[in-house]
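Visitor: Take a look at the letters that make up each chain.
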Amino acid sequence: MKMSGIRGKSSPHRSVLWSLVLLIVLVVITVFALYSGVAGNESVIIWNIRAPRVATAAAVGAGLAIAGVLLQGALRNPLADPALVGVSAGAALGAVIAAALGISYNTFLSACIAVLTASIAIGLVLWVASSQGRIEVVTVLLGGIAITAFAAAVVSVIVTASDLAGSRTVSFWTTGSFALANWLGFVSMIPAMVLGTAIALAIARPLDIFALGDSAAFASGVPVAKIRIAALFAAVLLTATGVAVVGIIAFVGLLIPHAVRLLIGPSHRALIIVSGLAGAVVLVLADTASRLLLSPIELPVGAVTAIVGAPLFLVLVSSARARQGGWA
Amino acid sequence: MKVELHACGLKSKGDRVRLNPTSLTLASGQITAVIGPNGAGKSTLMGLISGAFKPTHGYASLGDHIVTETRSQKLAQLRAVLSQDLAQTYGFSVYDVVSWARTPWRGTEHQSKDAQAIERALSSVGMQNAAERPIHQLSGGERQRVHLARVIAQDSPLLILDEPDSDLDLVGRNLLDSVVTGLFGSGKTILISSHDVNRMSRIAHQAVVVSQQKLIFHGPIQQAVTSEVISEAFQSKIRVQWVGQPGAVQEAKVTMME
Chain W
1 MKMSGIRGKS SPHRSVLWSL VLLIVLVVIT VFALYSGVAG NESVIIWNIR
51 APRVATAAAV GAGLAIAGVL LQGALRNPLA DPALVGVSAG AALGAVIAAA
101 LGISYNTFLS ACIAVLTASI AIGLVLWVAS SQGRIEVVTV LLGGIAITAF
151 AAAVVSVIVT ASDLAGSRTV SFWTTGSFAL ANWLGFVSMI PAMVLGTAIA
201 LAIARPLDIF ALGDSAAFAS GVPVAKIRIA ALFAAVLLTA TGVAVVGIIA
251 FVGLLIPHAV RLLIGPSHRA LIIVSGLAGA VVLVLADTAS RLLLSPIELP
301 VGAVTAIVGA PLFLVLVSSA RARQGGWA
Chain Z
329 MKVELHACGL KSKGDRVRLN PTSLTLASGQ ITAVIGPNGA GKSTLMGLIS
379 GAFKPTHGYA SLGDHIVTET RSQKLAQLRA VLSQDLAQTY GFSVYDVVSW
429 ARTPWRGTEH QSKDAQAIER ALSSVGMQNA AERPIHQLSG GERQRVHLAR
479 VIAQDSPLLI LDEPDSDLDL VGRNLLDSVV TGLFGSGKTI LISSHDVNRM
529 SRIAHQAVVV SQQKLIFHGP IQQAVTSEVI SEAFQSKIRV QWVGQPGAVQ
579 EAKVTMME
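Protein sequences, first through last, are from chains W and Z.
The first sequence begins at 1 in the numbering used here and counts up by one.
The second sequence begins at 329 in the numbering used here and counts up by one.
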């Protein structure tokens, strides 16, 4: 093929490089996490306790980060995150309701119900936030606050009132923890994670074109409504099944896509892959830190991510405000 | 390709009429200017043809295809749109943005022409040396040229350009006019709206004049841009004089009267 006279296509080299770097880092911290802890390094502890925990943290981190990419792209909203738009709380509510109905945690059925309730949650938020075909940035977040408050309240009522909700406390759901992760839970979320990632990669290019705005994307041949629904459903799959196992971990889905965009640019295919890896690295790191920092006391992992994430969220709000000049 | 409105109209919520039912057939392979005051229904008329709006009355058709019943990819093979409501785009290069116009041709034999179409489009608006620049670093006028290139690269038989000159300076407008004339030369049907009636009278062959949500005139530009029609459209006393020799480029001079 003849070389193009005009160059300017985004170079894939940076994203390949960053993928390799993140993969190496992930391997290193995984090995470190597997061999450190209060208990000894017997193979039972490593393979039945630490390994499923590390695997779960990696999968949940990747899922949240990719879900963040999808929500930010599909809603053209720089402040979108699964926990901020109500998806995570909706999922937690589903898992708790399922438990109250006698469906064990960390099972595929529990994951399915979490997907269902999370879908309802995002559906409600978007129904509130869209007006004449436009989905407004701030209304999405306000709707997310309301849905989250409602779902969290029902979760706390069920957890408090019912023995069936089991050992998982209110704070387990609101700050998240990998302490109850096991291989069963890991397996329960894998189908949704794989499907969600596959959908994400399949719609990566149309999501790029979303940057033009709905009407110009449509004029360029993108079926805007279909792609948006596919993106939101994939985000729900990637978030809800993780939440059902480990509770709500905020800010990962918000901040990782922004950080990765700074490194490799806004093109969605690369953004999905590199953000997924970065999300895995960050949550394995955060979980290992939460286990070891004040060992033998274990910190809630969601608290660790929020302490780092919330201040960065403020910075983002301020820069988004400056850039867009006000919320429409 | 025959471009038609069949008693096509739009009422928005609350029964506010945005365009009364309108029937027209665009002159194929010609430049048609859409002329009228602010809020007259120009963008609505163009949006009904492009499929941006669903009509509440009648329908629009492009060739054998009814616009609202055509899949978005097929529709984009038939018409390209430059609209006024573009979102700000960050981080993507000029080349990336123009390449998005090739979406409708994915999986078709025309996909092989992607690079060529993008290069030609960039050159035609004089942005061939800016291909690698991030789009958010460009000026408003440069961005408008990139989006014009994007619409050209889509390579559809119909181009719908809604006020493509709004952010352009004098030089940019001249460039736009020669680009549009060049597209006409390559056989495209072009629908273009602008507030600059003088310029439209120079480049367009036909005119669609809308006023107060109604089509008030459709026909050759020389018959549309007259004191009577323009005065009626803008609800003001306006004098139109055509200057230039017959056979050469003619142009209307439009002036407001006291």
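Keep in mind that the hints were calculated from the coordinates and are not lab data.
All figures in this text were calculated on a predicted structure; none of them were measured in a lab.
Mixed in with the good hints there might be a few duds.
Pulled from the structure, derived: some chain Z residues nowhere near chain W, Cβ distances all over 10 Å [unchecked claim]:
#	residue
1	S400
2	D413
3	V557
Within a straight-line C-alpha distance of at most 30 Å, the following computed DSSO-like cross-link-like pairs (lysine-lysine) qualify [to be verified]:
#	chain 1	residue 1	chain 2	residue 2
4	Z	K402	Z	K341
5	W	K226	Z	K341
6	Z	K565	W	K226
7	W	K226	Z	K382
8	Z	K581	W	K226
9	Z	K330	Z	K402
Where a beta carbon is used, it is the ideal one built from N, C-alpha and C, also for glycine.
Visitor: Of the hints stated earlier, which fail here?
Guide: Checked against the structure, the hints that fail are numbers 1, 2, 6, 8, while the rest are satisfied.
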